[in-house]
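K.L.:
Using the hints, position chain Z against chain S.
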Amino acid sequence: MIPSAPFLCYVTEESPSPVTLVREVLEGGASMIQLRHKSASGDQLYQWAIAVQALCREYNALFIVNDRLDIALAMNADGVHLGQEDLPAAAARKLLGPKKIMGISASTYEEALRAEKDGADYVGFGHIFETSSKEKHCRPLGPESIAAVKTAVGIPIVAIGGINRNNAALTITSGASGIAVIAAISRAPEPEREARELVNLLQHRQ
Amino acid sequence: MSINAPAILPRLCIISSGTDQDGSGLLIRRQIRLLRPSLPCLLQIREKHLDGATLFRLSLAVKTEAAGRNASVSLNERADIAAAAALDGVHLRESSSPPDKLRSFTGNMIIGKSAHSLESALNAAQSGVDYLIFGPVFDTPSKRQYGAPLGSGTLRAVCRSVSIPVFAIGGITPENARLCLAEGAYGVAALSLFTDTGTLPELLKTFEKMLVS
Chain S
1 MIPSAPFLCY VTEESPSPVT LVREVLEGGA SMIQLRHKSA SGDQLYQWAI
51 AVQALCREYN ALFIVNDRLD IALAMNADGV HLGQEDLPAA AARKLLGPKK
101 IMGISASTYE EALRAEKDGA DYVGFGHIFE TSSKEKHCRP LGPESIAAVK
151 TAVGIPIVAI GGINRNNAAL TITSGASGIA VIAAISRAPE PEREARELVN
201 LLQHRQ
Chain Z
1 MSINAPAILP RLCIISSGTD QDGSGLLIRR QIRLLRPSLP CLLQIREKHL
51 DGATLFRLSL AVKTEAAGRN ASVSLNERAD IAAAAALDGV HLRESSSPPD
101 KLRSFTGNMI IGKSAHSLES ALNAAQSGVD YLIFGPVFDT PSKRQYGAPL
151 GSGTLRAVCR SVSIPVFAIG GITPENARLC LAEGAYGVAA LSLFTDTGTL
201 PELLKTFEKM LVS
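From first to last, the protein sequence lines are chains S and Z.
So that you can map any letter, position 65 of the first sequence is 65 in this note's numbering, and since no number is skipped, the others follow by simple counting.
So that you can map any letter, position 55 of the second sequence is 55 in this note's numbering, and since no number is skipped, the others follow by simple counting.
Okay, chain Z solo, but in the shape it has when bound:
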């Protein structure tokens, strides 16, 4: 774990916007500087269009920025680059290679995985990952490629069926986040909700009240 990374899995997951054209990390680093030390946060770098060399540099930069801010840093899909940059975790796509085969080189990194159906969530949980991100629960432009919203009922079914923490994703707001938690979600994850750094401080306050007891 990096310096001052949370000892337990954070309940708020902020995913990078996917709009970092050159891998400079400008937006995600601005987001990191607005984090609250009292709210543990899981930051996921998800910039699928960037090449490996750029992702490696971005990972190192984000890790440096996040040090001492009660945040864990993970990278989407590329366990090799995450391990090379000594990040806290990797987040696998639904169609990733088998998670248990990655443990030989990921050490004590957190391995998470996305699931976009109940069946996929059950398979992912059995594959030995540490947590799931399940969705889209509600409608959101960035997740329409994964099909119609699955609804809070399916989220409830997933949370009841697996023993690992489940983050709800897709159209999350502070209001419906409470519903997700009531349905059994461990936490919530979002991209677009957090990209406006003007509203981010207030949002983080709201989530802290909800997620940190």
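For reference, chain S alone in the conformation it holds in the complex:
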């Protein structure tokens, strides 16, 4: 289910209307949308999720929900993405069943290994570079960390954290299967064009 060619995952921004950019990003070639909003009510998230999923189907992209497995199951999303502070992966996999996608955030080699053991389909690994999207208390891992994790983990690695046009190709050559992006797209003057540029860089990086 995870795309085999290097792909772009857009993670929605913590804004009052996270859905507005999704069509543009899909038009630009994103293969996966992750709905992430920590402060929204269950009903609001559910409504957004239905709207984003409809768009994703139109563009043949995957749709996953961050943290809220209940919402993902309620509206039959393609999967869920869980952080280290969320419902533990092994427990989530039991509820999710074997077919749906489960992504797990990891920022260490050990967390990545554990995620694979607990049934993750991919690891969201980072933050790779300096990032402004999320509060971070540690230093960026750097692209070389992807190669190190890649040697031990069999599932795809999605690089996250500070990824932009300048460094996207490097994450792929370092072993990532895809990139997850928030700010590079949501804060770009032309989000659709930014997404398209990133996808081009991933697919024609030589």
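Keep in mind that a hint or two might mislead.
Cβ-Cβ distance ranges computed for the label pairs, FRET-style [said to hold, decoys possible]:
no., chain 1, residue 1, chain 2, residue 2, range
1, Z, Arg103, S, Glu27, 34 to 40 Å
2, S, Ala54, Z, Leu122, 26 to 32 Å
3, Z, Gln145, S, Pro16, 18 to 24 Å
4, S, Cys138, Z, Ser213, 56 to 62 Å
Don't read these hints as lab results, they were simulated from the structure.
None of the values given here were measured: they were computed from a predicted structure.
Glycine included, each C-beta is placed from N, C-alpha and C at the ideal position.
P.N.:
Frame of chain S, contents of chain Z only:
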């Protein structure tokens, strides 16, 4: 249902204080140890500030503590975590996702929902939940964010309009609990009333006389 959970819906709902800073469950576990086996109780874990991993651990700990004490355990809002921890139920906020969509993974868990107006209570009842918690009926600091007290008259209107059990919440005392029952409430729910473990045993005795026939 967990071991020795009540076969029918309890009429007393104790909601956790919302002050569990680290998810250790110290207060709610102390409360559980004071429960009376002869008084079925619905315990709702409601610690909105805790992350999913902590809520999952807390749910498992509360479930273990409550086993064999004639208590059902539910979790506020997060049906996924409640199901993963095999709790007895989930209690949805007024602004939750559609309850009927949760049944596919909640199995035979009890699904309840909060309502803070007559209209919201009617909508919630139609959405297929098993019970409502309606309020604030009386004034209470912890519920002021939901507006002015709705009064026992509105409680009566709700109880007459829906066919599912209604718990009254908001400023509940043993005295006004009798009034709520007279207005048609199935039971009562409270947070702050039960947080003083010094007075809890006596309170539970009083509620047992009122609620268990």
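K.L.:
State for each hint whether it applies.
P.N.:
Here is how each hint holds up against the structure:
| no. | hint | result |
| --- | --- | --- |
| 1 | Arg103/Z to Glu27/S: 34 to 40 Å | holds, 36 Å |
| 2 | Ala54/S to Leu122/Z: 26 to 32 Å | holds, 29 Å |
| 3 | Gln145/Z to Pro16/S: 18 to 24 Å | holds, 20 Å |
| 4 | Cys138/S to Ser213/Z: 56 to 62 Å | holds, 60 Å |
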